[in-house]
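Each chain, letter by letter, is given below.
Protein chains: 2
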Amino acid sequence: MTLDAGALDTLFREARTHNGWLDQPVTDDDLRAIFDLMKYGPTSANCSPARFVFVRSAEAKEKLKPALSAGNTAKTMAAPVTAIVAYDPKFYDHLPKLFPHADARAWFVSSEALAQETAFRNGTLQGGYFILAARALGIDTGPMSGFDKAKVDEAFFAESGWKSNFLVNLGYGDATSLFARSPRFEFAEACAIV
Amino acid sequence: MTLDAGALDTLFREARTHNGWLDQPVTDDDLRAIFDLMKYGPTSANCSPARFVFVRSAEAKEKLKPALSAGNTAKTMAAPVTAIVAYDPKFYDHLPKLFPHADARAWFVSSEALAQETAFRNGTLQGGYFILAARALGIDTGPMSGFDKAKVDEAFFAESGWKSNFLVNLGYGDATSLFARSPRFEFAEACAIV
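Chains V and W are the protein sequences, given in the same order. Numbered according to the numbering used here, the first sequence spans residues 840 to 1033. Numbered according to the numbering used here, the second sequence spans residues 840 to 1033.
Check before you lean on any hint, since a few could be wrong.
Note: identical chains are not told apart, hence a pair may lie in one copy or across any two.
Stated by the list, open to error - The calculated lysine to any residue pairs, modelled on SDA-like cross-linking and capped at a C-alpha distance of 25 Å, are:
#: 1; residue 1: K990; residue 2: G910
#: 2; residue 1: K988; residue 2: E951
#: 3; residue 1: K990; residue 2: E951
#: 4; residue 1: K929; residue 2: F959
#: 5; residue 1: K929; residue 2: S984
#: 6; residue 1: K988; residue 2: A1031
#: 7; residue 1: K904; residue 2: N858
#: 8; residue 1: K936; residue 2: A917
#: 9; residue 1: K990; residue 2: N911
#: 10; residue 1: K929; residue 2: R944
#: 11; residue 1: K936; residue 2: D848
#: 12; residue 1: K988; residue 2: E1028
#: 13; residue 1: K936; residue 2: A1019
#: 14; residue 1: K902; residue 2: R944
#: 15; residue 1: K900; residue 2: R852
#: 16; residue 1: K988; residue 2: A954
#: 17; residue 1: K904; residue 2: W946
#: 18; residue 1: K988; residue 2: E956
These are calculated hints, taken from the structure and not from any lab test.
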């Protein structure tokens, strides 16, 4: 029940954030397959607040463009798909379905601060599962925080009320455009066993 | 470069949040191995704000106990290890090492709100990578938000200034104590392709 070395390389050790993309599409079936893995990752009370808008058409890319930071524009416009990883601030309205064991909706309706923190934490966790699910299926990712969230929310979420969290370009990476990998912490710099 | 069905089951489809634990230890080498995968997951400007305290000794478990919610106490005291997934609010002081390409420290020193949001988002992403890295190595997880963060911070982070985010029990799960899996969203309930 452990993964082999090649799988660990694909997920973690050899996986890279990509900035250039091969001319190879990401299909509806690919996006569904990523979601159908991601959705099983754990969230608090199974609250599953993450929402995903997959920006693929030229029209939708143009709608996204004004919100992108300068350094993220060219690679995002060129990516086969850009996922807007968002969350639903009213995720708790779905808890009677998602967590039928208890009245979990009441925990969040009574505290706006708890609901907001829970949506952001768990929506972000699901974003992490999403990145690794894509990699597991052989699809490269380019996650980004450099964009104007208010503009994205106005352009894409005026009706739903969802809130953008971060973006993930999806496709098949062009290894020739990779930067060198940046250094990581040693265990003792970031961890303690007590 | 795609994972096989067994690996996808181990990471996502058959993996479960565990509440009961077999009498089998989690070693220092196991904890280092999880970290040595997790650390490669992407973060914004490689900021790597997550910090991990692995609570394993009886003394440290007793220090954690008063912070646990009633429903999380027994299973956490019984778990071979409980990881406190935390983040360093001053993560930016390490950016000259972690992101040598630019003066990224300046981006965060000048905005407390951006620094806090970046620490929470990216520390949480790393928490997601951590859960899947443990599963990849055959170690079961039990993530939890139900605890008093102020108490944990006072008991464990008075000196470092780190902030607790969530907890993850680690060990080898006792399948007889599993709950039934809760329902998940369908693709169209949480996603759109535009």
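For each hint, the structure was consulted:
Taking the shortest alpha-carbon separations for K990 and G910, only the intra-copy value of 17 Å comes in at or below 25 Å, while the best inter-copy value is 41 Å. Proximity of K988 and E951 under a CA criterion of 25 Å is satisfied in both settings, with 20 Å inside one chain copy and 18 Å between copies. When the C-alpha separation of K990 and E951 is checked against a cutoff of 25 Å, the pair qualifies both within a copy, at 23 Å, and between copies, at 22 Å. When the C-alpha separation of K929 and F959 is checked against a cutoff of 25 Å, the pair qualifies both within a copy, at 12 Å, and between copies, at 20 Å.
In the homo-oligomer, the alpha carbons of K929 and S984 lie at most 25 Å apart both inside one protomer (23 Å) and across protomers (18 Å), since each shortest distance falls under that limit. When the C-alpha separation of K988 and A1031 is checked against a cutoff of 25 Å, the pair qualifies only between copies, where the shortest distance is 18 Å, while the shortest distance within a copy is 36 Å. In the homo-oligomer, the alpha carbons of K904 and N858 lie at most 25 Å apart inside one protomer (16 Å), although the nearest pairing across protomers, at 45 Å, exceeds that limit. For the identical chains of this complex, K936 and A917 are neighbours neither inside a copy (39 Å) nor across copies (31 Å), given an alpha-carbon limit of 25 Å.
Taking CA atoms no more than 25 Å apart as the test, K990 paired with N911 passes inside one copy only; the shortest distance there is 15 Å, against 40 Å between copies. For the identical chains of this complex, K929 and R944 are intra-copy neighbours only, at 10 Å inside a copy versus 34 Å across copies, given an alpha-carbon limit of 25 Å. In the homo-oligomer, the alpha carbons of K936 and D848 lie at most 25 Å apart only across protomers (24 Å), although the nearest pairing inside one protomer, at 37 Å, exceeds that limit. In this assembly of identical chains, K988 and E1028 lie within 25 Å of each other by CA distance solely across copies; the values are 22 Å between and 33 Å within a copy.
Within a single copy, K936 and A1019 get their C-alpha atoms only as close as 46 Å, which misses the 25 Å cut-off; across copies the closest is 14 Å, which meets it. In the homo-oligomer, the alpha carbons of K902 and R944 never lie at most 25 Å apart, since the shortest distance is 34 Å inside one protomer and 31 Å across protomers. Taking the shortest Cα distances, K900 and R852 never come within 25 Å of each other, neither inside one copy (31 Å) nor across copies (32 Å). Taking the shortest Cα distances, K988 and A954 sit within 25 Å of each other both inside one copy (19 Å) and across copies (16 Å).
Taking the closest pair of Cα atoms, K904 and W946 come within 25 Å of each other only across two copies (23 Å); inside a single copy the shortest separation is 38 Å, beyond that limit. With identical chains, the CA atoms of K988 and E956 are at most 25 Å apart both within one copy (17 Å) and between copies (13 Å).
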